[in-house]
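Visitor: One-letter residues, chain by chain:
Number of protein chains: 2
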Amino acid sequence: MNLDFNSWTCPLPLRDYPKIVLGHGGGGKLSNELIENLFLPAFSNETLEKLGDAATIDLNGILQNGARLAYSTDSFVVNPLFFPGGNIGDLAINGTVNDVAMSGAKPMFLSAGFIIEEGFEMENLGRIVGSMSQAALTANVRIVTGDTKVVERGKGDGVFINTSGIGIVSGGVNIAPNLAQAGDVVIVSGEIGLHGIAIMSVREGLEFDAPILSDCAPLNGLVAEMLEVTKEIHVLRDATRGGVASVLNEIAKSSNVGIRLQENSLPVPRIVRSACEMLGLDPLYVANEGKLVAILSREYADEMLEKMRSNKFGEKAEIIGEVVAEHAGMVVAKTGIGGTRVVDLQLGEQLPRIC
Amino acid sequence: MNLDFNSWTCPLPLRDYPKIVLGHGGGGKLSNELIENLFLPAFSNETLEKLGDAATIDLNGILQNGARLAYSTDSFVVNPLFFPGGNIGDLAINGTVNDVAMSGAKPMFLSAGFIIEEGFEMENLGRIVGSMSQAALTANVRIVTGDTKVVERGKGDGVFINTSGIGIVSGGVNIAPNLAQAGDVVIVSGEIGLHGIAIMSVREGLEFDAPILSDCAPLNGLVAEMLEVTKEIHVLRDATRGGVASVLNEIAKSSNVGIRLQENSLPVPRIVRSACEMLGLDPLYVANEGKLVAILSREYADEMLEKMRSNKFGEKAEIIGEVVAEHAGMVVAKTGIGGTRVVDLQLGEQLPRIC
Numbered sequence: 001m002n003l004d005f006n007s008w009t010c011p012l013p014l015r016d017y018p019k020i021v022l023g024h025g026g027g028g029k030l031s032n033e034l035i036e037n038l039f040l041p042a043f044s045n046e047t048l049e050k051l052g053d054a055a056t057i058d059l060n061g062i063l064q065n066g067a068r069l070a071y072s073t074d075s076f077v078v079n080p081l082f083f084p085g086g087n088i089g090d091l092a093i094n095g096t097v098n099d100v101a102m103s104g105a106k107p108m109f110l111s112a113g114f115i116i117e118e119g120f121e122m123e124n125l126g127r128i129v130g131s132m133s134q135a136a137l138t139a140n141v142r143i144v145t146g147d148t149k150v151v152e153r154g155k156g157d158g159v160f161i162n163t164s165g166i167g168i169v170s171g172g173v174n175i176a177p178n179l180a181q182a183g184d185v186v187i188v189s190g191e192i193g194l195h196g197i198a199i200m201s202v203r204e205g206l207e208f209d210a211p212i213l214s215d216c217a218p219l220n221g222l223v224a225e226m227l228e229v230t231k232e233i234h235v236l237r238d239a240t241r242g243g244v245a246s247v248l249n250e251i252a253k254s255s256n257v258g259i260r261l262q263e264n265s266l267p268v269p270r271i272v273r274s275a276c277e278m279l280g281l282d283p284l285y286v287a288n289e290g291k292l293v294a295i296l297s298r299e300y301a302d303e304m305l306e307k308m309r310s311n312k313f314g315e316k317a318e319i320i321g322e323v324v325a326e327h328a329g330m331v332v333a334k335t336g337i338g339g340t341r342v343v344d345l346q347l348g349e350q351l352p353r354i355c
Numbered sequence: 001m002n003l004d005f006n007s008w009t010c011p012l013p014l015r016d017y018p019k020i021v022l023g024h025g026g027g028g029k030l031s032n033e034l035i036e037n038l039f040l041p042a043f044s045n046e047t048l049e050k051l052g053d054a055a056t057i058d059l060n061g062i063l064q065n066g067a068r069l070a071y072s073t074d075s076f077v078v079n080p081l082f083f084p085g086g087n088i089g090d091l092a093i094n095g096t097v098n099d100v101a102m103s104g105a106k107p108m109f110l111s112a113g114f115i116i117e118e119g120f121e122m123e124n125l126g127r128i129v130g131s132m133s134q135a136a137l138t139a140n141v142r143i144v145t146g147d148t149k150v151v152e153r154g155k156g157d158g159v160f161i162n163t164s165g166i167g168i169v170s171g172g173v174n175i176a177p178n179l180a181q182a183g184d185v186v187i188v189s190g191e192i193g194l195h196g197i198a199i200m201s202v203r204e205g206l207e208f209d210a211p212i213l214s215d216c217a218p219l220n221g222l223v224a225e226m227l228e229v230t231k232e233i234h235v236l237r238d239a240t241r242g243g244v245a246s247v248l249n250e251i252a253k254s255s256n257v258g259i260r261l262q263e264n265s266l267p268v269p270r271i272v273r274s275a276c277e278m279l280g281l282d283p284l285y286v287a288n289e290g291k292l293v294a295i296l297s298r299e300y301a302d303e304m305l306e307k308m309r310s311n312k313f314g315e316k317a318e319i320i321g322e323v324v325a326e327h328a329g330m331v332v333a334k335t336g337i338g339g340t341r342v343v344d345l346q347l348g349e350q351l352p353r354i355c
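Residue numbers (my numbering), protein chains in the order written: chain A, 1 to 355; chain B, 1 to 355.
No lab work stands behind these hints: they were computed from the structure. Heads up, some of the hints might be wrong.
If several chains are the same, the list does not tell them apart, and a pair holds so long as it fits within one copy or across any two.
[To be verified] Under the rule of at most 30 angstroms between Cα atoms (straight-line distance), these lysine-lysine pairs were calculated in the DSBU-like manner:
| no. | residue 1 | residue 2 |
| --- | --- | --- |
| 1 | K19 | K155 |
| 2 | K19 | K231 |
| 3 | K231 | K312 |
| 4 | K106 | K50 |
| 5 | K253 | K106 |
| 6 | K155 | K253 |
| 7 | K29 | K50 |
| 8 | K334 | K19 |
| 9 | K231 | K155 |
| 10 | K155 | K29 |
| 11 | K155 | K334 |
| 12 | K19 | K307 |
| 13 | K155 | K307 |
| 14 | K19 | K312 |
| 15 | K312 | K106 |
| 16 | K334 | K312 |
| 17 | K316 | K155 |
| 18 | K334 | K106 |
| 19 | K155 | K312 |
| 20 | K29 | K312 |
Just so we're clear, the structure is a prediction, and the values are computed from it rather than from any experiment.
Generate coordinates for the entire structure from the input sequences, incorporating the hints supplied.
Guide: Below you can see the structure in the form of structure tokens.
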């Protein structure tokens, strides 16, 4: 009931950018500045400030057996809408299923909100919705509430989809970005860089011997199996926007630890490596849509790797590094030739509208 | 993991529109066709098919005392972003708070997803986020998870906001659009048409003696007080897109009953009436953002009206009609001069991008 035109003053760190730039949505430094200086102060509460892929909520004790609710949202603006290995529809389902799963939850219910541009082909909408239906079935979640808006031609871009998701975290499971500990190992669930390169190959019209397919996949089944090994996983994150490098940077800062990577151990497919060289990209920063990073005590590492590799979405899981007490807040990589480089957060995103 | 380009055939009722038109997002017949022929078959499940403002879920018995979870989502694409009486920010909070409340739930947690156009002024984003913060405080809900995407200039329109919300429905409360019964009364919580006319007055550059302010407001407090009168409210809907007429049509169809309105009883402010005449609009179809329609047994009507009128968001509540066994699925209005007219669902929406 208040126009509120005049009561807000732009805080200092945002003043370098009086207008929004693409990088503010890129998952790098600019995104973080926006979150820390605008969204967090405005919406401040303990749950939001944890900044995991999903919020976890105890619902004032109304849930039985110490369970908590996991809750997450994501908007999808990927361009192009259809790409090798998927489309915006299954991306919107798997993306939110994965965010919810990264709290250790079993994802159960999703919402779907569509913003469609006038003139968008009904057939394409049907294909996208069909993919969502299939992806929801595969991930064993139900879409229980939705909304559709249409904007005039030229005021949107085909279709944007927002999904949110809720799930249940069992009692005793406590997974969050601030729980990494020195001595932990860092595991990645498989080959990195595929989603980003699949999108870029379409956008740039690149042709390879074999098509590069997005790795878009639901990871909730993998997470459920990982929790059978131990409930004491410290951190889970899916390495989407900004890739493995950005996710690890956020964990290092949030947990106030250092992370040391072994570059040789990174599972980068040859074709991703070639494409990255061609495009001037670093695979560590390229988005994935079906890969998670797990951080847990070294004592469970072997058993966890074995378990992950028995799941089709974890077949190529590898230990890629360790958590250390030194250089808190920083990620460093031991390079192939024995040197060390800092793996910093990038300013924006190498690839806009990747998801 | 499936391109799914070819497996979907557009069902018959949608074939008249090979491309999406604005009306598909208008909350009228075209919206319903899209929902019934595309979204429902694709996402089919019992919860979604109830088509209330919010889904209600029993969470497999994990909630205590027969409580259920209410869950809803809405995307906001209102144009202009700032309007007399509010902006897209408080609209996005109140809109979802109200949707959740219409299941009889106490709304508790919200998600917020932003799709921002490159070049959008940081100051305006700040004001919008500030309004969201204030609206969340007023409605006593917390924003616990969020997401920000940026699209290139010309691929969006300033900012679109999706919110979803969850709340708790107490055991014994069972409110849904299909529960209206012949003999029930139809109550509206106050003056209608204000939000739509506030938006239109800005868009069309109309000037009135006094500015027309949107009625954008959180209705969860009002609903909580109404439930003190009786838990046996049959239907609650907030009369947004498509106005009171569209909501009543949906209820009539869903409950398979007729609804008979008394036009004389409709609380239409004089200024809305004048504006509607000038613009060629029918106030029954104009969007509200702080008005609900309640349907309940006549025995509670007087006490309910009294309770509603003691709340500032229900001050001008009125009984506007009754539920009848005749003309099932239809809404008719007794006109001021003694005639009767059918109040049908409109094809699209009189006013695109009203919310």
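Visitor: When no copy is named, should K334 and K106 be tagged within, between, both, or neither for a Cα gap of at most 30 angstroms?
Guide: Neither way: K334 and K106 sit 36 angstroms apart in one copy and 52 angstroms across, limit 30 angstroms.
Visitor: At 30 angstroms max between alpha carbons, let me know whether K19 reaches K155 within a copy, between copies, both or neither.
Guide: both (18 angstroms within a copy, 16 angstroms between copies)
Visitor: 30 angstroms Cα cut-off: does K312 pair with K106 within a copy, between copies, both or neither?
Guide: within (18 angstroms within a copy, 41 angstroms between copies)
Visitor: If the cut is 30 angstroms between Cα atoms, do K155 and K307 qualify within a copy, between copies, both or neither?
Guide: neither (47 angstroms within a copy, 44 angstroms between copies)
Visitor: At most 30 angstroms between C-alpha atoms: does K155 with K29 qualify within a copy, between copies, both, or neither?
Guide: both (28 angstroms within a copy, 23 angstroms between copies)
Visitor: How do K19 and K307 come out at 30 angstroms by Cα distance, when the copy is not named: within, between, both, or neither?
Guide: neither (47 angstroms within a copy, 47 angstroms between copies)
Visitor: How would you label the pair K29, K50 (within, between, both, or neither) given a Cα cut-off of 30 angstroms?
Guide: Intra 17 angstroms, inter 43 angstroms, cutoff 30 angstroms: intra-copy only.
Visitor: Given a CA cutoff of 30 angstroms, do K334 and K19 count as a within-copy pair, a between-copy pair, both, or neither?
Guide: Neither. Shortest intra-copy (38 angstroms) and inter-copy (53 angstroms) distances fail the 30 angstroms Cα cut-off.
Visitor: With identical chains, the pair K155 and K334 could be close in the same copy or across copies; at 30 angstroms between alpha carbons, which is it: within, between, both, or neither?
Guide: neither (46 angstroms within a copy, 41 angstroms between copies)
Visitor: Checking an output row: K19 and K231, CA cutoff 30 angstroms. Within, between, both or neither?
Guide: neither (44 angstroms within a copy, 49 angstroms between copies)
Visitor: Between copies, within a copy, both or neither: which fits K316 and K155 at Cα up to 30 angstroms?
Guide: So K316 and K155 fail the 30 angstroms test inside a copy (42 angstroms) and across (38 angstroms) alike.
Visitor: Classify it for me, K231 with K312: is the Cα-Cα distance of at most 30 angstroms met within a copy, between copies, both or neither?
Guide: within (21 angstroms within a copy, 49 angstroms between copies)
In the structure shown, a violation is registered for the earlier hints numbered 2, 6, 8, 9, 11, 12, 13, 14, 17, 18, 19, 20, in ascending order.
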